[in-house]
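Sequence lines, in order, name chains G and A.
Position 101 of the first sequence, counting from 1, maps to 90 under the numbering used here, and the rest follow consecutively.
Position 247 of the second sequence, counting from 1, maps to 308 under the numbering used here, and the rest follow consecutively.
Among the hints, erroneous ones may be present.
Unchecked claim - Simulated crosslink set (BS3-like; lysine-lysine; CA at most 25 angstroms straight-line): (1) A:137 with A:297; (2) G:29 with A:221; (3) G:272 with A:137; (4) G:261 with A:137.
To be verified - Computed spacing ranges between beta-carbons, pair by pair: (5) G:41 with A:361: 52 to 60 angstroms; (6) G:40 with A:353: 33 to 41 angstroms; (7) A:341 with G:286: 19 to 27 angstroms; (8) A:262 with G:265: 53 to 61 angstroms; (9) A:361 with G:226: 21 to 29 angstroms; (10) A:351 with G:56: 52 to 60 angstroms.
Quick caveat, the hints were computed from the structure, so don't treat them as lab data.
From the three backbone atoms N, C-alpha and C, an ideal C-beta is built for every residue, glycine too.
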Amino acid sequence: MPTEVLKAFCRIIRFYDLYLQCLKGQSSVSALFFEKSNMKKYVQDLRVVAKETPGSGYVLLKLSPLEGLLPEILPGQFVEILVPNADHTFLRRPISVNYVENNRLWLLIHEVGEGTRSLGRLEEGSLLNCVYPLGNGFSSPEEVGENVLLVGGGVGTAPLLHYGRCLHESGKHVTFLLGGRSGRDLMQLPEFEKWGRVCVTTEDGSLGERGFVTNHSVLQTEKFDTVAMCGPKPMMVAMARLSAELGISHVEASLENLMACGLGACLCCVEKTADGHNVCVCKEGPVFQTKDLSWLS
Amino acid sequence: MAKLNVKIGDLALKNPVLTASGTFGYGLEFADFIDLNALGGFIVKGTTLHPREGNDYPRMAETASGMLNCVGLQNKGVEHFCTEIYPQLTDFDSHVIVNVSGSTIEDYAACAARINELEHIPAIELNISCPNVKSGGMAFGVTCEGAASVVKAVRKAYSKTLIVKLSPNVTDIAAIARAVEAEGADSVSLINTLMGMSVDIERRRSRLSIGTGGLSGPCVKPVALRMVSQVARAVKIPVIGLGGIMNAEDALEFLMVGATAVEIGTANFIDPAVTIKVIEGMNDWLDRHGVKDVNEIIGVID
Chain G
-10 MPTEVLKAFC
0 RIIRFYDLYL
10 QCLKGQSSVS
20 ALFFEKSNMK
30 KYVQDLRVVA
40 KETPGSGYVL
50 LKLSPLEGLL
60 PEILPGQFVE
70 ILVPNADHTF
80 LRRPISVNYV
90 ENNRLWLLIH
100 EVGEGTRSLG
110 RLEEGSLLNC
120 VYPLGNGFSS
130 PEEVGENVLL
140 VGGGVGTAPL
150 LHYGRCLHES
160 GKHVTFLLGG
170 RSGRDLMQLP
180 EFEKWGRVCV
190 TTEDGSLGER
200 GFVTNHSVLQ
210 TEKFDTVAMC
220 GPKPMMVAMA
230 RLSAELGISH
240 VEASLENLMA
250 CGLGACLCCV
260 EKTADGHNVC
270 VCKEGPVFQT
280 KDLSWLS
Chain A
62 MAKLNVKIGD
72 LALKNPVLTA
82 SGTFGYGLEF
92 ADFIDLNALG
102 GFIVKGTTLH
112 PREGNDYPRM
122 AETASGMLNC
132 VGLQNKGVEH
142 FCTEIYPQLT
152 DFDSHVIVNV
162 SGSTIEDYAA
172 CAARINELEH
182 IPAIELNISC
192 PNVKSGGMAF
202 GVTCEGAASV
212 VKAVRKAYSK
222 TLIVKLSPNV
232 TDIAAIARAV
242 EAEGADSVSL
252 INTLMGMSVD
262 IERRRSRLSI
272 GTGGLSGPCV
282 KPVALRMVSQ
292 VARAVKIPVI
302 GLGGIMNAED
312 ALEFLMVGAT
322 AVEIGTANFI
332 DPAVTIKVIE
342 GMNDWLDRHG
352 VKDVNEIIGV
362 ID
């Protein structure tokens, strides 16, 4: 396919061009990751090139294109996966991007239902039909100040790994605050430690400080310019309110509302905004500034 | 290459494949995946005279081979459509059809009249079958009198091709079809979603914010086929079939029981490029069976 080859070539040239600009100091490294210009979406088979079990009930799939390069994928974007051989599921499953490295797209999957359990049974070499990259990512490094707190709960920690690396590589000071029911629910900690300080809370006290992320001492001892988070909604709402009390003005959250199309067509995954409108999480989000949502009122 | 052209009233389609309202946004959401110009047409999301916020979340529940939704006609109103969306839709070599809904007969007529002014919209699909709104919507579509009264008012206000989308949540869908035909509808499309429920037993409540929703997907196809077959025999105007079409074979089933065209709905969520595959698959089937013109197979099953 000459056009495909040409497209891939253009992508490399543009990436290399940005890279040169970064070297000359004309652009920041973050431009490599945050070029939000109406990104083209693809429906494509990707191959499972590696499969790991980072925790009980969790699976980490690493996917590569059958040929060529992955398109640009921003931290916080997601993939709609068609569950193969699904006897009991119908819709695609939206899964956030955990990490991108060496032309591999990582997806961390919590096996909670029929669909995600089927994904957990996939073998290396299997093909997964993916619609991606979808949604808008987290704020670009230019928008977040210097000291950034990334808060994750359970499998919601997944997209923070990719974001943390991008912020770290842009020279930001990154703190991860990761919470789970117990230590078993917290995965990839060595990966997180590569890109920032890692603070942990568990409800049973088996790892880190006992309690919820909102109880962690780092929130009292340090001042953050930005909080970005992903996890259960009650955790994010509590964190958004606490951040408001602490005077942190830039607070953003990645939502995981039930979703069908992922493209803004079916209007199923809506969230209420502060001014009372319904907006699609898949298209307007999944990352929102919490001040724009109805959470604080 | 078989001849795929069909006609819905005065409206000539390059092929019988349309998209179903509410599953395809304004078409533009799918432009990365398919060439919109290849479609027979696309029916954009339900539009009302005034903006509507729709129902609260949660609005969707997955079911065996399908899904329930209770979106409730969320849209920014017909003026927003005319000024913000329509200008982006005027350059396609494919028919853009607007799905029109309302709470009162006057709203339906006013909305249709506003769209009548748009040069590049050759048809509307009148939604008298939405199961997810409190007033209007399906309320008009479940009696012959209600359906006839809306169509009568809209027919006066709208001069181009008028398609009426029928509800399956009725005792005798053929009677409703005849009633709207008598008031001047150019075509009927069916079926809209079947009313259903899904319960979360752990939380002891419905999975949908308003309790019920509309069922769509391959699970409704046998019901849809039966109803299209009944209606196609009952009326002289062309019938557009929809309900659970996932591939070309499904679409051909609808044509064989009497549909002149089909709409692809929920399948767009599973494969955003499915519409093109249906057109190609339909053409391949016709070629393989030596059928030169798709019209030859429409209604071949008596």
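Now the hints, each set against the structure:
no., hint, in the structure
1, A:137 with A:297, "violated, 35 angstroms"
2, G:29 with A:221, "violated, 36 angstroms"
3, G:272 with A:137, "holds, 16 angstroms"
4, G:261 with A:137, "holds, 15 angstroms"
5, G:41 with A:361: 52 to 60 angstroms, "holds, 54 angstroms"
6, G:40 with A:353: 33 to 41 angstroms, "violated, 50 angstroms"
7, A:341 with G:286: 19 to 27 angstroms, "violated, 51 angstroms"
8, A:262 with G:265: 53 to 61 angstroms, "violated, 32 angstroms"
9, A:361 with G:226: 21 to 29 angstroms, "violated, 58 angstroms"
10, A:351 with G:56: 52 to 60 angstroms, "violated, 37 angstroms"
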